[in-house]
Each structure stands twice: as C-alpha cells, then as structure tokens.
Amino acid sequence: MRLSMDRFEETLGARARRERQPLSCLFEITPRCNLRCHFCYVALDPYQGPYLDTGQSRQVLDIIERAGVLWLTLTGGEIFSRRDFAAIYEYALAKGFLVTLYTNATMVTESIARLLADRPPFSVEVSIYGADAAHYESTTQIPGSFARFERGIERLRAAGVPLLMKCPISTLSSDHVNELVQWCKARSLPFKADPVIDARHDGGQQPTLYRIEPRRVLALRDQLYELRHDKPRPSGPLPECSVHGEVGETEELYTCGAGRIALFVDALGNASHCVIDREPSFPILEMPWDQIWSEMGDWVTQPLPAHASCSGCSLRGGCGNCPARARLATGSPFQKDQYQCDITHAIHGLPASRPAPHPLGACTA
Amino acid sequence: MIARRVAGETVLIPVAARTPDPEFKSAWLFVLNATGEYLWSLLDAPRSSLELAQNLTLEFETPVGPAHADVEAFLAALHKIGAVHQVTDGQAE
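These protein sequences, in sequence, are chains D and W. Mapped onto numbering that gives the first Met the number 0, the consecutive letters of the first sequence carry residue numbers 0 to 364. Mapped onto numbering that gives the first Met the number 0, the consecutive letters of the second sequence carry residue numbers 0 to 92.
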C-alpha cells in the first residue's frame, strides 16, 4: 500500500503518461520579483496584470485538483512577494496537493517561516546565485540581497522544511562552483546546478548572453559530479545515452512530460503545456478543462514534421533540444536551438553540428 | 490524511507530507485497492471492525471470517500512518 515516488512513477505515473492524465502542475502565482537577475526567463514587459487574485487562484487549484494533479509547484516571480501567499498555500494543502515551493528565500519573514513550520510544504527549492555577496549580487543586481538570502535560509532551516538549493550556472557564476557547493555542504543542504540558461519566455534573447560554452557545460558536469561524490565521474556511457522516449513518442513533437502528465498555469490564468513555451495557451478559468487538456494533447503529440531540424536524429531522446527551446531560439518549434544541439554533440564526442538554415533564409535569396 | 483520485486510483495523501529527498521528490503514498477504497468510503463515521467486515461481506461476497481479518489488518495499517484513530463507544455517539 505504501509507495515511494519511484514506485509510483513505475505504476501510476507510467499509466498516467500512457493515458495522458495530468499529475503535476507548475503554477506561477506571480511573475513579480524583488530581484533583477540578468538571465531571468520571466518576461514582465509584455506580461502586465491584472494577475489572478486570491479567489481566482483558488479556482485554478479546484480545477487542477479535479483533473487529478497531485504534485503542485508554486512559482514566481517571487512567491513570497504575494501578500495572500498564505491563503493560496493553505488552500492548496487542504486540497491534498504535495506542494513544492520555488523561492529565492530573500523574502522569508518570521511569519512565513512559522507558517511553513506549522504547515510544512512537501519541498522547498531555493535559487542560489553565489556563495558571497559579490557573486550573488552581480546576478541579482540588488545590493543587500545576499544578506537577506542568508537570513531567509536560516529561517527555513530552523523551520525544518526540506530544502534543495539550485543554481543556474551562468558566466557570472561558472568560476564559483566550488564555493557554491561548499556553502551548501557546510549547511548540509543538497545542491543542484543547471548549466543551461533559457531565453525569456517571450523569445527575448538577453539571458542567452550569460550562457557558458557547450564544452564548458560538459566540464562543469564532471566537476559537479566529483564535488558531490568525491571521486571522478566514471567514464563510459553517459546518462543521456540511455534516455529514450516511450515507443512511438520519439517522433512526436514533444517527448517530455509536457502536456502529457504536466502543465503550467501562468499568473494571468493561461494554461499551457510548458513554462518556457506558452503557445498554445488556454484560459483555464474560462474554457472547459476537458477541452483544454484535449487541445493541449493535440499540440504535444502531433507528429514531428519530416522537415523539422531534429527529425530522424538518433540523439533526440537524450538531447536538451525541444520544441520549446527551438521556438525561443528561432521563433519556430520545428527548428532547433543550436546551443542545445552543440551540447549534445559535445556529450557524445561528436563535432559541432551544422546550424539549421535560418527560417527566413529563403527571404534573403 | 486526504483521499484523492489520481490517475484512476484512490491515493491517501498525508497532509503534512515532506519529502525525505528533495532532489527526487520522493514520497510515501498510500494507494488503495478496490476493497480499501470501499472501506475508506465507510470510514466517514466511526464504525466497528465487525460492522466494516459485514459490509465488506455484502459488497464483495466474501466469508465474514477472512473479511474480518482483512479489515483488522487494513485498520491497523491506517492506524499506523495516522489515517484513523480508535474511539470509545461514548465518543462514537
């Protein structure tokens, strides 16, 4: 009767994926943030409010609860910048979601820490941008934010919530990884690094200026492995080599869980299959859920067109390239994100791939 | 403990569930089979194990003896995870 998450994934999760039943939802309760990170993927300019109020946020939770979502992640922006955070959070817990919180921890007050101690979340994932003020604030651009971050972490630790520290590795922090790992180790906090920076969700390319070179991504993965396991990364097949989509799924547009077992809802109440690719999107409070889920499924499971850049590629199953990233990089979900392609080629020891023809190439002839 | 329908199954979710492993979001969940689901639906009010077993007998056409043993085992498992608690006759009224 008791199932671990692993076992759950093997049984219910596998069936949910096969039958397209939503299990997890990333719910952006606000895009607003008190930090100004250079490479943030949230595009505020074209994305003004009014955002969902407390009642509307609860209605969203009602809908996804009825749909069967179990894992709920509240994200931002900065979630604790919402004055009604407690009301939304407690409602989510009462609905029976396993609630994960994404935060930068700089706005964790004593009362929020008390709330999380009394009504613990399933998990809290905290972004860390540096192990000292100079590095941290070179990313956040807010003086004093590192001190607030450290204070927030101490409050969360004292509240006993399970923490995972996450760092998007950029050109601003790639020389600082050892310090980041040591900072977390000193506090017995698990650390996870993501060496891939995505463009803004409206296609803005500014964040990509902070990406590290594809070959450096590879070196960084080895470095992180050694720091975590105190031994060199074993040679031989890399984990990516064994990642494959389900039979028949690798030639569908999306091969991940987007729109199959997972969805995203933004702060305006638009539901989409993915947080970084928000088209097509559907007004979740206005459209019938069944219609939303059905149309979302039509989009993600459509056959990958033969002319798509990744069509027929044997590396596709383990590649970070996906229609979402392709759309952000090129404007078309059927093209490819050259950066991701180069990383995958580096992983497999292959020469850099040939750039795809520009979608407007024909216009320049 | 909250019962939820997830992917076609009834799952008992501990309200204060915290993951012991934040990286993989592992969790202990309790998935009920058809019998467990039926018994859980009867537990919206205090009931004796014998009463539950009699209901089970009618619903699933099983002999009372094994049904009672199954109910006792089920209740013990639920009690262990804090999903039910024992009440006295006075409290039940």
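Simulated from the structure, these hints should not be mistaken for lab results. Check the hints yourself; a few may be wrong.
Heads up, incomplete: computed chain D residues facing chain W, CB under 8 Å, no partners named [claimed, not checked]:
1. F121
2. L163
3. K191
Cβ atoms here follow ideal geometry from the backbone N, Cα and C, with glycine treated the same way.
What hint numbers does the structure not satisfy?
Result: no hint breaks.
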